[in-house]
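Chains as they are written, first to last, in numbering that gives the first Met the number 0: chain C, 0 to 470; chain U, 0 to 470.
One or more of the hints may lead you astray.
Any copy will do: because identical chains look the same in the list, a pair fits if it lies in one copy or spans two.
Claimed, not checked - Straight line, CA to CA, 25 Å or less: simulated PhoX-like cross-link-like pairs of lysine-lysine:
{"no.": "1", "residue 1": "Lys121", "residue 2": "Lys23"}
{"no.": "2", "residue 1": "Lys313", "residue 2": "Lys58"}
{"no.": "3", "residue 1": "Lys121", "residue 2": "Lys250"}
{"no.": "4", "residue 1": "Lys121", "residue 2": "Lys409"}
{"no.": "5", "residue 1": "Lys121", "residue 2": "Lys78"}
Bear in mind the hints are in silico, worked out from the structure with no lab data behind them.
Letter by letter, the chains look like this.
2 protein chains.
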Amino acid sequence: MAKAPVLTPQAEDFPRWYQDLVNKAELADNGPVRGTMVIRPYGYSLWERMQQEMDARIKEAGAQNAYFPMFIPQAYLTKEAEHVEGFSPELAVVTHGGGKELEEPIVVRPTSETIINDYFSKWVQSYRDLPLLINQWANVVRWEMRPRVFLRTSEFLWQEGHTAHATYEDARDYAARIHRDVYADFMVNVLGIDVVLGRKTPKERFAGAINTLTLEAMMGDGKALQMGTSHELGTNFAKAFNTSYLSREGKQELVWQTSWGVSTRMVGGLIMSHGDDNGLRVPPRLAPVQVVVLAIKGDEAVLAKVREIGDRLKDAGIRVRIDDRTDTPFGRRAVDWELKGVPVRIEVGPRDLESHTVMLARRIPGGKEQVRIEALAELLPRVLEEDQALLLAQSRERREARTTEVTTLKEAAEAATAGGWARIPWANVGAEGEAELAEQAVTVRCLVTEDGAVPDADDAPGTVALVARAY
Amino acid sequence: MAKAPVLTPQAEDFPRWYQDLVNKAELADNGPVRGTMVIRPYGYSLWERMQQEMDARIKEAGAQNAYFPMFIPQAYLTKEAEHVEGFSPELAVVTHGGGKELEEPIVVRPTSETIINDYFSKWVQSYRDLPLLINQWANVVRWEMRPRVFLRTSEFLWQEGHTAHATYEDARDYAARIHRDVYADFMVNVLGIDVVLGRKTPKERFAGAINTLTLEAMMGDGKALQMGTSHELGTNFAKAFNTSYLSREGKQELVWQTSWGVSTRMVGGLIMSHGDDNGLRVPPRLAPVQVVVLAIKGDEAVLAKVREIGDRLKDAGIRVRIDDRTDTPFGRRAVDWELKGVPVRIEVGPRDLESHTVMLARRIPGGKEQVRIEALAELLPRVLEEDQALLLAQSRERREARTTEVTTLKEAAEAATAGGWARIPWANVGAEGEAELAEQAVTVRCLVTEDGAVPDADDAPGTVALVARAY
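Based on the provided sequences and hints, a complete structural model is requested.
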């Protein structure tokens, strides 16, 4: 008789598989207030690694971290007309503080453009103060009617960048730089996810932006996930908050702005990109634990060898963890590390000591082989880079295999509802076509040029729309 | 005529000096909602360095990071009687979400013992799950009637550790380990602040704790600042949330718990410990910028040399910043770096190029000297360690000089109101004496043993009370 699977198989019920994995790999739990989540230590260690990698790239792009209050006077939200319309259905409102009813209600930030512009308008005086490049790591709240852990939660963790520039061109180029050199570089080269870089349609833009750049990834079930966005805000917030500067020529000018963010939603994207029926598969460059060294049994010689191997690999610069919990059956621990998606397991038993070998199990391509202990420190970095490349290749292959070229709205909707993406000339869709697709819960994920670049305008000739169902 | 001072002198008005420094060194601004603050990039970079140093020590102590929701059902707070009494006057309450009035009001976490115990009670089943050692970096809200930036703000950033143990002894030892190996080690060896480690009196304990360990520092005006606390919670929250485990002997037992936290308040402590009339002085081991290399004038040879020196120092492992903003007058930039407390300034002008020397200005002891460029990479690490030691020595000397040994309540109150600390036998104070001192806004900061150790009990013979005014 076959063993009962640890997770609901993907093919049987993908959303259920996702929920099973999140629970059994101990990534997160639902919070007591509807739509909130508890990020458990292993899930949080994935987010910490994302933060480290992103933070380095953000600093490399010249932005500095700061922190703005999460409480925003309600009146601030209403200063930019589209912004308030976009966000007011999602707000959490504080009406009481320190035992008293407040004179003015306070909202918990859904995003920080308004409060940040209040300060930018004080800090920016002359062209010498520009560009002003700020980032913050914070929690935000957007009330969710249909929450799903990591993907749509009422409170989530993110970084939000906010910048002010002297010219339109400068702001445009910076939004594109973040899109490409920070976000795409991280997602492709660290997460191993083959994201498509594109431009949102006017309908799908951020509330208050003149242009939104997006990164879209195909999940294991063929749906799309928006992994991050970078916005050109034009002078919309600058007008609302009077954020202006004295130019080199002595004129008072409005600043041009950008904002950009990625969130804990990326953890959901990671799971649904690389997970399989045995659990998560974490790309080695991201992995908080790249290699786990397991003692099969608890005798002293085995434990000593496990520690020795662990130390040696740590010295070789590998993120390694020892598993010497031999009072828990070996099989259960092996399944647990498989669920958690640690790329390499090294299993050490009494017989291995004589032969100076260990069993090396690879989570990403699968398979096991006997390896000489002496060879590990040299072998493993190569193995990890191979596995990193494999995940990216699989992500690319899936997207290519499940993307169809079509010309009609009907075909596009069919491809999307069948669990794939459609590429269709944007001229054949337009705002009306978008509305029609929306009735079938299908959206234009982004616009790209014929050769796959990011279009400069909404209606450049030859623009292609990428159409899909999305999380 | 003497130059007008940049800051209000400390001796003239210490609180005003503090506020001036916070503004002029661009550390923080007041937020739009009363009691909140905007932490500006330079202020935030101090906090980031604190986080890095603390996070490494917390992980070394075996705790793992996680994240719990900031929204807590109001009913949770009421489960532990002392806890709700302590915190309810300070709560911010969310009554509306997603455009609707909520059925049950939600509080924004003032601290997370309650919500964390809700999960600990699910995660802990057997003795094998213990100890459970969790930390989170988060924002919390405690409504403030008399806010002061960094020191008392309605929203602040902190880390809060929460642990569960099988026995009283285990929990007690872990709270003490955090107190000593994480907090004191960081504050003494990185912040350069000569903290006193002690035990809080029953009156000053955390709401819900059976014992609170504290770290108290003397500020520049002789007042005390509580820099951090580590609590033994006993089984109080375990009872309220039924957090129990199956022991090795097969019995169901309550867990013993600890919690511990330090916050952005430490930035205030840093300022008031080490600042002087010219601004902040940042201890080198903490400093986000240890050395700034300034171009006095903008000619190309000077700028090239500045960059060359910067690269060389970076290679030597020094955290270095280049200041080539030569369109701003040199004097203004020098004052700005002095205000920000960067330990070493290296000033490069055209004449220095010929002599292969630079001017080295030291912020901490003061003074300038001509130094050969070749000697810098070897000289600077020594200079920085000297400065680190000097700050700690000054902090210690101040505390010793301004602490008086007394025997009566009257003398203790006099010493405290004169701007110093008093040491008085705890037997001469007691709960009644504490109440009497409180009328003069004087508190028992902590209890210590005769030889300066942390007492094991509230009323051990020979216990000494440290009495002061406090922030």
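Verification of the hints:
1. In this assembly of identical chains, Lys121 and Lys23 lie within 25 Å of each other by CA distance solely across copies; the values are 14 Å between and 49 Å within a copy.
2. Within a single copy, Lys313 and Lys58 get their C-alpha atoms only as close as 27 Å, which misses the 25 Å cut-off; across copies the closest is 16 Å, which meets it.
3. Taking CA atoms no more than 25 Å apart as the test, Lys121 paired with Lys250 passes inside one copy only; the shortest distance there is 17 Å, against 63 Å between copies.
4. When the C-alpha separation of Lys121 and Lys409 is checked against a cutoff of 25 Å, the pair qualifies neither within a copy, at 52 Å, nor between copies, at 49 Å.
5. When the C-alpha separation of Lys121 and Lys78 is checked against a cutoff of 25 Å, the pair qualifies only within one copy, where the shortest distance is 17 Å, while the shortest distance between copies is 45 Å.
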